[in-house]
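Here the protein sequences come in this chain order: A and B. Heads up: the first sequence is residues 1 to 601, going by the working numbering. Heads up: the second sequence is residues 1 to 80, going by the working numbering.
If you are wondering where the hints come from, they were derived from the structure by calculation, not from laboratory data. Here a beta-carbon is modelled for each residue, glycine too, at the ideal position from N, C-alpha and C. Please note that the accuracy of each hint is not assured.
What the hints assert, rightly or not - Now the in silico label distances, taken between C-beta atoms and shown as ranges:
| hint | chain 1 | residue 1 | chain 2 | residue 2 | range |
| --- | --- | --- | --- | --- | --- |
| 1 | A | 206 | B | 2 | 23 to 33 Å |
| 2 | A | 159 | B | 67 | 49 to 59 Å |
| 3 | A | 12 | B | 67 | 21 to 31 Å |
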Amino acid sequence: MKELCFPFDSQNILRRRPALRKQLLSDGTVRIKKKIAVLGGSTTDHAVAALELFLLNFGIEPEFYQSEYNKFYEDAVFGNPELESFAPDVIYIHTTSRNLTKLPAGPAVRPEQVERDLNEQFAYFRQVWESLMQRFNCPIIQNNFELPLFRHTGSYDCWGNTGHAAFIERLNVMLSDYARSVNGLYIHDINYLSAVCGLTNWHDTEAWYLYKYAMSTAVIPDLAYSLACIIKSLYGKNHKVIDLDLDNTLWGGVIGDDGQDGIEIGPETAVGQSFTEFQSFIRGYKDYGVLLAICSKNDEENALSGLEHPSSVLKKSDFVSIKANWEPKDRNIAESAQELNLGPDSFVFIDDNPAECAIVEGQLPMVQTIHSSSVHDAMYKLTRGGYFEVTSVSDDDLRRSEMYAANAQRAAQMKSFGSYADYLASLEMNAVICGFKPVYIQRITQLINKSNQFNLTTRRYTENEIQEVSQSSGHICLCGKLLDKFGDNGIVSVVIGRIDGDILHMELWLMSCRVLKRDMELAMLDELVRHAKEKGIRTIKGYYYKTPKNSMVAGLYGTLGFTPDEKHENGDSVWHLDLEGYQNRNKVIKILEKENEDEHK
Amino acid sequence: MNTNEIIPRLNEVFRDVFDDRTISVSERTTADDIEDWDSLAHINLVAAVENEFGLRFKMREVSSMKNVGDMINIISERGR
Numbered sequence: 001m002k003e004l005c006f007p008f009d010s011q012n013i014l015r016r017r018p019a020l021r022k023q024l025l026s027d028g029t030v031r032i033k034k035k036i037a038v039l040g041g042s043t044t045d046h047a048v049a050a051l052e053l054f055l056l057n058f059g060i061e062p063e064f065y066q067s068e069y070n071k072f073y074e075d076a077v078f079g080n081p082e083l084e085s086f087a088p089d090v091i092y093i094h095t096t097s098r099n100l101t102k103l104p105a106g107p108a109v110r111p112e113q114v115e116r117d118l119n120e121q122f123a124y125f126r127q128v129w130e131s132l133m134q135r136f137n138c139p140i141i142q143n144n145f146e147l148p149l150f151r152h153t154g155s156y157d158c159w160g161n162t163g164h165a166a167f168i169e170r171l172n173v174m175l176s177d178y179a180r181s182v183n184g185l186y187i188h189d190i191n192y193l194s195a196v197c198g199l200t201n202w203h204d205t206e207a208w209y210l211y212k213y214a215m216s217t218a219v220i221p222d223l224a225y226s227l228a229c230i231i232k233s234l235y236g237k238n239h240k241v242i243d244l245d246l247d248n249t250l251w252g253g254v255i256g257d258d259g260q261d262g263i264e265i266g267p268e269t270a271v272g273q274s275f276t277e278f279q280s281f282i283r284g285y286k287d288y289g290v291l292l293a294i295c296s297k298n299d300e301e302n303a304l305s306g307l308e309h310p311s312s313v314l315k316k317s318d319f320v321s322i323k324a325n326w327e328p329k330d331r332n333i334a335e336s337a338q339e340l341n342l343g344p345d346s347f348v349f350i351d352d353n354p355a356e357c358a359i360v361e362g363q364l365p366m367v368q369t370i371h372s373s374s375v376h377d378a379m380y381k382l383t384r385g386g387y388f389e390v391t392s393v394s395d396d397d398l399r400r401s402e403m404y405a406a407n408a409q410r411a412a413q414m415k416s417f418g419s420y421a422d423y424l425a426s427l428e429m430n431a432v433i434c435g436f437k438p439v440y441i442q443r444i445t446q447l448i449n450k451s452n453q454f455n456l457t458t459r460r461y462t463e464n465e466i467q468e469v470s471q472s473s474g475h476i477c478l479c480g481k482l483l484d485k486f487g488d489n490g491i492v493s494v495v496i497g498r499i500d501g502d503i504l505h506m507e508l509w510l511m512s513c514r515v516l517k518r519d520m521e522l523a524m525l526d527e528l529v530r531h532a533k534e535k536g537i538r539t540i541k542g543y544y545y546k547t548p549k550n551s552m553v554a555g556l557y558g559t560l561g562f563t564p565d566e567k568h569e570n571g572d573s574v575w576h577l578d579l580e581g582y583q584n585r586n587k588v589i590k591i592l593e594k595e596n597e598d599e600h601k
Numbered sequence: 001m002n003t004n005e006i007i008p009r010l011n012e013v014f015r016d017v018f019d020d021r022t023i024s025v026s027e028r029t030t031a032d033d034i035e036d037w038d039s040l041a042h043i044n045l046v047a048a049v050e051n052e053f054g055l056r057f058k059m060r061e062v063s064s065m066k067n068v069g070d071m072i073n074i075i076s077e078r079g080r
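Okay, chain B solo, but in the shape it has when bound (with noise of 0.2 Å):
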């Protein structure tokens, strides 16, 4: 799956987690750029993510992920 297909679905996800229609998110996006990007977000929208795109994140990816970027790179590898 390449980054064009991975980001309006991705970004629908961030809209609901965030309920924020206004979110346009990048690669470069990371926490600071949104608001409520707290750590119970981040498990919820590790969860929604997980089940849009059908994969599993590893407890690594997890703890590791900087940005929206590194999100992307784990989809377009193992996403559906």
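Bound conformation, chain A alone (with noise of 0.2 Å):
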């Protein structure tokens, strides 16, 4: 929804919030339901109500639960019988500078009790997480602490023994080596937030008296978006591709009217120095994993040369699909997100012109569109927008162009052989196929709550929980990474599956769209099976829950020689597979025993 997407208006959305809530619910899309307990240090009713518009707006259908107001502390370490059987699946702590109780009371405090109060405020918060993990196994979002607007000491409050912005600022720090340290704890940063929508903004003291709000209205849906940000990203919502139109976009100037030698970029003028920042920056979202597409109306000779340029600090390489053409844009940008396997939900799209975002909001409107007005318009819309937020970083993010690229190259080799067994044994295919072990979980986590497709039973796990299951003897957890001559593609398939006396139940099956038609399902069967012979299992039950998106796997059970038990008229079915006589069924990926070297890096 439109109205929902950054740049957005804030006061209008809490105005219509009733009118937005209503039509996003009845707009028939399938969301993923969550339950988020909000656990306050203050009144936190605004921010539930402006989170539930931007969760539903990405797809997801929270219901929540509210401490008594200020009542955060003793939820977390007392416990609550209520929030205890709500079960929460993310749990946020609303709290802000509001909620400090340690800040140094005036001048004569000596730097000793000063340090002393630093760390008993730090170990309240981390008595509310501690208590929290043990109680429940589930994400925890913290906000950081925002600066005050007030001060009596001018800049000496950020670095005098005594003053609050100095003290909020090393708890803030401490907030985040904590963070770091342990599993399932996320900052949200209302630090940064409160300064990018001004101090004086943010804080209002008769909000505070009147409401008690630790913010003001005006800027709860700012707050409510980052928020969102964060969970949506948890869940695997990310958007994943940037594609970019390249003339007055990537560079100044027209690269077929101009040549090569006339386009703004490097050095030598501050338009062109501009554009050498904004490619910098487009190139640092590649390293954390997003990938790089262009969509140009240009000659491809012609735009290939503009990333020639010996200035352009991204090249060819740097891109996994590039579209220059005259072809209208929507058009392009849904073949680009077919070669890559991604949904056209997946691609944000960056454009100087007007016209073009507005075409392919027109024909694909699940594309992200960004209108670049400037440089620097881009690259706060790109940050704003939060597309891409992180909440982890796996090998695999930052190795992930280089995958796509090895892709294209098998695509290539494709071509030259005459059958399809014939290029399959060709790649030289090895497979590593082991428990979750530890280095795989945030992986294994990530492919659990993005993967849609090959997926049988879309059944989404947290970090904490796949560390429970992982090492739960009435589970067996395998995950598979695959290798070919091209390369390493990561860990691309995730078994689980449950033992029920001498049945194992499917509750996971699934398998990244990278490598579809690899015959790795097949080597993954044949692993399950041993595991599960080795502890007594007869019989495998299979489960397809049918989604908007996993029509692809729908006979997959079949095919590989289930029998069919029940059918429902939704479209799921539940299959089994006796284990006596089973033979293996994968003939061209070598299963290695051992793993490589580089894996204990």
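Hey, can you piece these two chains together into the complex? The hints should help.
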């Protein structure tokens, strides 16, 4: 919904909230349901109301628990049966500098005392998280602390022994250090957010005393949006691709008219310098695993000559798909999406021409468009839009573009083979299939929460749940890594089976679309059967739960030789496989017993 | 600004905040007359009215407004 995309009109959202909510709930979108507990140090009603809208717009239907006013500490540390039975999927601790109880009282306080108070203040919050972690196995999102608007001493407040800004900044560092050292705690950076909104707009003394709101109502949509970005990132709903126009988006000028020498990029001019900064900024996204693509109205040769400009930061090899032609842009985006096996809804399209943005919005409303009126504007919208919000960084993210490039090489090789079987053999594939080792947990969680197509049950798990199930003796958990002569595809398949006597119930089976039609599913089944037999399993029960996106595996169990037991009207089905006399299915992938050396690095 | 100018604009705000196209406010309308007028809606209403008429209510005004008439009096003094 356009009203809820950044940049949004906060006042309009507050005023028209009920109508927007109704419209979202009746638009026919299939959403995942999540239970979110909001533990507040101030009144949380407004934040929750706005958060609901943004989450609905991100494809998540939330149900909320709200602590009583300022009872976040009590709920967390002493427990609360209502919260207990709510069984949250996510806990959000909405505290602010209003909740700090140990701020230095005045200039007479000794440094040793400030130090003790700081540690005590931190311990107070750490106790909240640790208690919650013990009781709930779910992600916890914690606001850090915003700077005060009012101060006695001017700049000295940020560096003096008893300065409040100094205290808050030190506390924020302690929060970040702690969050990095544990799993499942995520910092919501309201320190940044309050600065970007402006502390004069953020703080509202009257709203605090009238309603016990820790910030002005006008910025609550900003708070809620930024928080919703973390939550949708946890559930794998980030965008994946930045699709860029070229002329006046990646460089100044028009390459077809001005030629390689005439476009502005690089240190010679102010405009050229600004585009260098922009290209470097975009490259930074690639480093975090975002895919880059080009969608430009140009002759391909001209387009490429622009990227070959000696000052161009971005090179041809940085892009996983390049569409430079005279076709409508929406068609090119749709084609790039298809090539990459991604939905158009994972694309962010950036163009300096508002007409092109409008056409794409009209034809492909699920694509997020950014009209770049200037380099500054585009970087701001990318930043605040939160399309690529990071909640964890896996090795896979760092190597993603490389893997897509290897895929392009595989596609080229495929064309040179007479039969598909010959092609598969030529790839010299190896797989490592093993339990959920700690180094893989992040990637496994990521894969579980974003795989939609080759996913039999589409069950989502949090990182903590994965940790738990990986150590459970009542489950068989396998993850598979596929390597071939073009490179390492990383962890691409995950299976979780629950043991029930001599039956194994398949709770999860998914595979990344990156490795479709490579027989990896056969290798996974072979290994699963081997592990199952070792545990005395005689039958595997397979479940298919239909979603709008997983029809490609509706018949998978049948193809693999399972017998159908139930077929439901809604498209779901249940199957079983007797393990006696099972013959291995996989012929082309060699199973490596041991992992490569480099995995121990 | 006079009451006749204020009421239609105020009415639109109420209709949006309560998502009810049938609302028709008068000077005598109170929170008891509108079913969903709870504390959250009240805060939304105050923010939306402030935004619509480009004014800021004083703390005492927010806590002492008894009916729409009180609101209109403040708007007619300071609203735009």
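Hints, verified against the model:
no. : hint                     : in the structure
1   : A:206 - B:2: 23 to 33 Å  : 28 Å, holds
2   : A:159 - B:67: 49 to 59 Å : 52 Å, holds
3   : A:12 - B:67: 21 to 31 Å  : 26 Å, holds
In this structure, every one of the numbered hints holds.
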